[in-house]
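J.: Turn these sequences into a full structure, and let the hints guide you.
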Amino acid sequence: MVEFWHAQTFCAYLVARRRLRTCAILAPMTAIPPPALIRQDGRDKVTGSGRYAADLTVTGMLHGAFRVADVPHARIRRLDTTAARALPGVHAVITAADVPDHRYGAFLKDRTLFARDVVRWEGELIAAVAATTPEIAARAAALIDIDLEALPSVTDLELAARPDSPLVHDAWATYEADENLVRDRNLASRSTIVKGDAATAMAEADIVVKDRYVADGSHAVPIEPRAILAEWTGDHVTIWTSTQVPFAVRSGVAETLGLAQNQIRVIVPHLGGGFGAKCELGFEAQVAALSKAAGRAVKVVFSRREEFLLPDHRRERMIMELETGVRRDGTIVARRGHLIVDNGAYSMDEPFLGQLAAMFAVGPYRIPNIDITADTVYTNTQPSGSVRAPTGPTTCWALEQHHDVVAERLGLDPVEFRRRNLVHEGDTGPAGQVFERIGVLETLERAAAAVGWGKPLPEGEAIGVATGWWPSFPLASGAHLTINADGSGTIVTGAQECGTGAVMALPILAAEVLGMRPDQFRILYQDTDAGPYDSGASGSQTTFNNGRAVIAAATEVRDQLLELAANLLEANLADLELVDGMARVKGSSTASVSIADLASEASGAGLLLGRGSGLPPPTPAVNAASCVGRLGAESFAAPTFFTHAARVKVDRDTGVVRVLEIAAAHESGTIINPIGAAGQIYGGVAMGMGQALSEGIQLSADGRQRNAYLLDYKLQTVADMPPIHVDFVDAPSPTAGPKGLKGIAEPPNVPTPGAIANAIARALGTRIHELPMTPERIWGAMAANGES
Amino acid sequence: MGGHFSAPSSLSDALTAVAAGHRPVAGGTDLVVGTRQGKWTLPEDLVALDRIAELHGIVATDGGLRIGATTSHADLAADQAIRERWTAIADAASIVGSPATRHIGTLGGNLANASPAAETSGPLLCFEALVEVRSATGSRRIALADLFSGPGRTAIRQDEIIVAVELPELAGAGSCYVRLEFRRQMEIAVVGATAVVRLEGDIVREARIAITALAPTVRRIAAAESSLIGSDGGPAAAAEAGRLAAGAATPISDVRASLDYRRAMAAVVVRRAVTGAIARARGETLLIPASASTFGAS
Amino acid sequence: MRYPVTLQVNETSYPLEIEPGRTLLSVLRGELGLTGSKEGCDDSECGACIVLIDGRPVNSCSYLALQADGRQVTTVEGLASGSTLHPLQRAFLEHGGVQCGFCTPGMLISATALLRANPDPTEDDIRAGLSGNLCRCTGYVGIVAAVQAAAAELTRAD
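Protein chains in written order, with the working numbering: chain E, 1 to 788; chain S, 1 to 298; chain R, 1 to 158.
Treat the hints as calculated values from the structure; they're not laboratory data. One should not assume that every hint holds.
As the list claims (entries may be wrong) - Derived lysine to aspartate or glutamate pairs resembling DMTMM-like cross-links, with alpha carbons at most 20 Å apart:
(1) S/Lys39 with E/Asp597
(2) E/Lys210 with E/Asp44
(3) E/Lys292 with E/Glu306
(4) E/Lys292 with E/Asp206
(5) E/Lys586 with E/Asp597
(6) E/Lys210 with E/Asp197
(7) S/Lys39 with E/Glu306
(8) E/Lys586 with E/Asp559
(9) E/Lys210 with E/Asp413
(10) S/Lys39 with E/Asp184
(11) E/Lys109 with E/Asp184
(12) S/Lys39 with R/Asp43
(13) S/Lys39 with E/Asp712
(14) E/Lys210 with E/Glu306
(15) E/Lys455 with E/Glu445
T.: Put into structure tokens, the structure is as follows:
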């Protein structure tokens, strides 16, 4: 197995599950009442005093700018930085020649910090400039003289997958890669899910439905364009950056620049959203190298256009062919599928994501015979990478439309069709995982009921539903907890807050263990020299894993407090409890001592210090011998389940869709912070609506983005948002996170596009096979269907 | 760094500045944004018009209106006379950009920018507005029909400033501006249409129809207008006007829509604008902005 | 060439000399160190930079700093009274209107402008008034609820 430097969730997940041999089973508990939680970072954020990376300035700081390829595929014939270096105000210009010659990548080491010899997508970095002002840096970057020889651009996904396609990487076979990666030429990764005998079952099915769906790529679009500031002190570099994964940045900078991890400190000021785009090593190594070359601190702030064009994390384009065989009674007997996933020009976590997509093409349904292949292929386009629930919404959109088509062919109500096929406790999943207590059926029933499924609707309106699933990611994670001499608490964690409030809610867990109030804790977070490792704001994992770590750290401190109290109160340890800021003999109101007094006592000796990590819960065992490209997603740990129901109205003349109402029912185990959890659902629905209707990367024939600005890459506005009914189905799992909780941040945008698609199809009698379902595409589909 | 800047409070100072080659700026919502997007570099020398009181405000004239060039879209959309008698302008002004853009962006700036997608141009064209421009040496009136010579190009000379837009009286008319909208807010016209009609009894006696973002400049479609005149303005007549306008459109394919879709939508928005204008001419209520209230209409 | 200008920001005077091409946002964030107003896009689409100029909401990224000479500029830093949060700020915290916080300054300013012009807005009024501010985190639900709550509180206080 390749030695991974990379700590981004999926990779860390893979490593973790391969190593896991033991597990800690946490007993499910009932939901605790929701405390009113005002975010620790809230005051900073509403007063404007909070600093984000772009807001920072250090003495002597220079401004950096990148020069990018601006063509999709070309050989570099000449690269001359003389004129740029000569411009007054320029302190440094660096190219591939100025950094270690090293290829990196999570599963497939195919990329370098700057282009060497060949550029493979329009946003590929060629050089970086540091100058006294941003304007001079930009002017110098433009002065870099580059002679490029155009090469044929591989844009079309199906052509890219063909053996006679031009290669994106001539030397693909020489790249170091994960031993489980199945690849060939432009095929960067193939993953299959195989179960039973799909061919025979399909041949014997009463009805077989086959159809095809095509989805454009899309963008994460955090409202904060990224910014990075690097400053060296001797051989130690501090990097302030807008990343979701500070520890992955640290290990990535260490690997690519040949440093030890303790030579690098990554600090994230407030992070203005990420949604996946700020996962993995971003541009920190280049800025650190530029700062080293300039001998000064250097800050790079992206424009919105750069934020669209340069990152290596867009949501992947996909082509999905799905085939389902059913019996007349509506029972699914077989599923075949072929998915082509756009890897883009280089690989970060995308080679892993095909396997996730294959799992989503099965969905949370009982299917005895399965044969799904997901091919992730190189193209000369922006690299794909995890964007909120990578491959999830896209595959769910296709699958749940496909299921409605099957239901229609059966003459069966779509909700009833799902009711008959959804998985139950004890069922066996795609590759043999056995489901524990789950609440998927309840999500279907509740979402459908919430929008009045089956009741008459006004002319032109219709309702659609979509159901899906998403894994939790059990990972290593750490935290420290201290009770200070005055009884206040400090949590020092490696976890990263990206806005969701996951880190902000950690005091709830600590407070419960220690009999204190959440507001008695202060959190220090997102600084790699302060907190222990955590895999970052990625994979919906923070509460799941860092919550466990905080509880473990708090538990150590609780034991220390109880021991002190036992001495002071001359009581038995086993008879003591921590309640309302006091240690007391259970049930007694007199035999007690305050935590503040205990802390004061401890400040003389035997400090109250807790450290926590805890063991991640296990991932279900699988029997996946017939699957290839096994990268760790053959079973889903603590899967979450959900159904969205959407009521829409379509303007038949224009194809414009208005979403009138969304019901979102989620089974996410135990909900710890209801306001925060609901906030995730609302935001996910909005992002899902965007992907459904208005957000798509338009590519030119040679693979360049045509709408890399917000006026024509349209997010949903506040005026577009309908009422959203949120419903949580409580089904704590014994093998989930603390208290039986599961991840919540990514799932909410998974089923929204599918629900809207099915509503559109029911409103029009015409199904839309392209994503986003823009007015023009809807109009075109109606025209092709003989309307208009 | 060279660059002159002045923000005079008198028009004559501003005219002196533009005579010296300084570029006028009102709200900056086109000029500065275009600079940030790299469409052009910011002119070296600028003269800001926002402090010149006489350029601002709406006054009634002989049955008509005189609108100062730096009147904001928000002020246009809120003006009672415009809402009642030149309703299509209110339809258009209330959907320009964002609330902030509407507060700071001006009518004169919108016209000077000469975008084929500018919302207010179609209604002003149909109302046969006159644009008063002034230079240090004199003033002249340009009919709106003669103002635009192509995308981003106008008949205004470099030493001239738009000072006002004059709307002639148009008694008893109903008007409506409809734009195709992919979102409910924050849109730009991909296809737009204006209709102004005057009825006698149930018969359309006068009709003006303009299309927006469907040709290099906003333009009226004579064939559609004549087909509507003498009709009852009902669904068939509105559809016929839409069909004729779509046929006369010369749309392009770009990142926002294909030529075919634009042409098809031309027929739809013209039909809806005509129907809306007829309804308003009859005294029926159609909420401003019409684009939102005609969603899903036949 | 630089021009003398006195910017009145949050009731404080800042005498400066700046070049004509500078945007108000760059001067607020640069010379004045008021980094609460954010830069989120190039085309006045995101609203993170919105400030009040003489009470009206303006995208400060596309407004020339010299044009603000003598006008009253209000940024997010000017909303609270000392350590007491403005009711809108408090409502954003209490109703889940803040997640990553990057859109928050512009949202608060647009909401302030809205409530000054329309103290008792309908939900549709709120949605129209905030439509020039993009948020990627909240689905806008907590934001709309916060503006409703603050409007109710401010109306009661009058």
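J.: With reference to the structure, classify each hint as holding or not holding.
T.: For each hint, the structure was consulted:
no. : hint                   : result
1   : S/Lys39 with E/Asp597  : violated, 67 Å
2   : E/Lys210 with E/Asp44  : violated, 53 Å
3   : E/Lys292 with E/Glu306 : violated, 23 Å
4   : E/Lys292 with E/Asp206 : violated, 68 Å
5   : E/Lys586 with E/Asp597 : holds, 18 Å
6   : E/Lys210 with E/Asp197 : holds, 18 Å
7   : S/Lys39 with E/Glu306  : holds, 16 Å
8   : E/Lys586 with E/Asp559 : holds, 15 Å
9   : E/Lys210 with E/Asp413 : holds, 19 Å
10  : S/Lys39 with E/Asp184  : violated, 43 Å
11  : E/Lys109 with E/Asp184 : holds, 15 Å
12  : S/Lys39 with R/Asp43   : holds, 11 Å
13  : S/Lys39 with E/Asp712  : holds, 16 Å
14  : E/Lys210 with E/Glu306 : violated, 40 Å
15  : E/Lys455 with E/Glu445 : holds, 14 Å
Hints 1, 2, 3, 4, 10, 14 from the list above are not met by this structure, while the remaining hints are.
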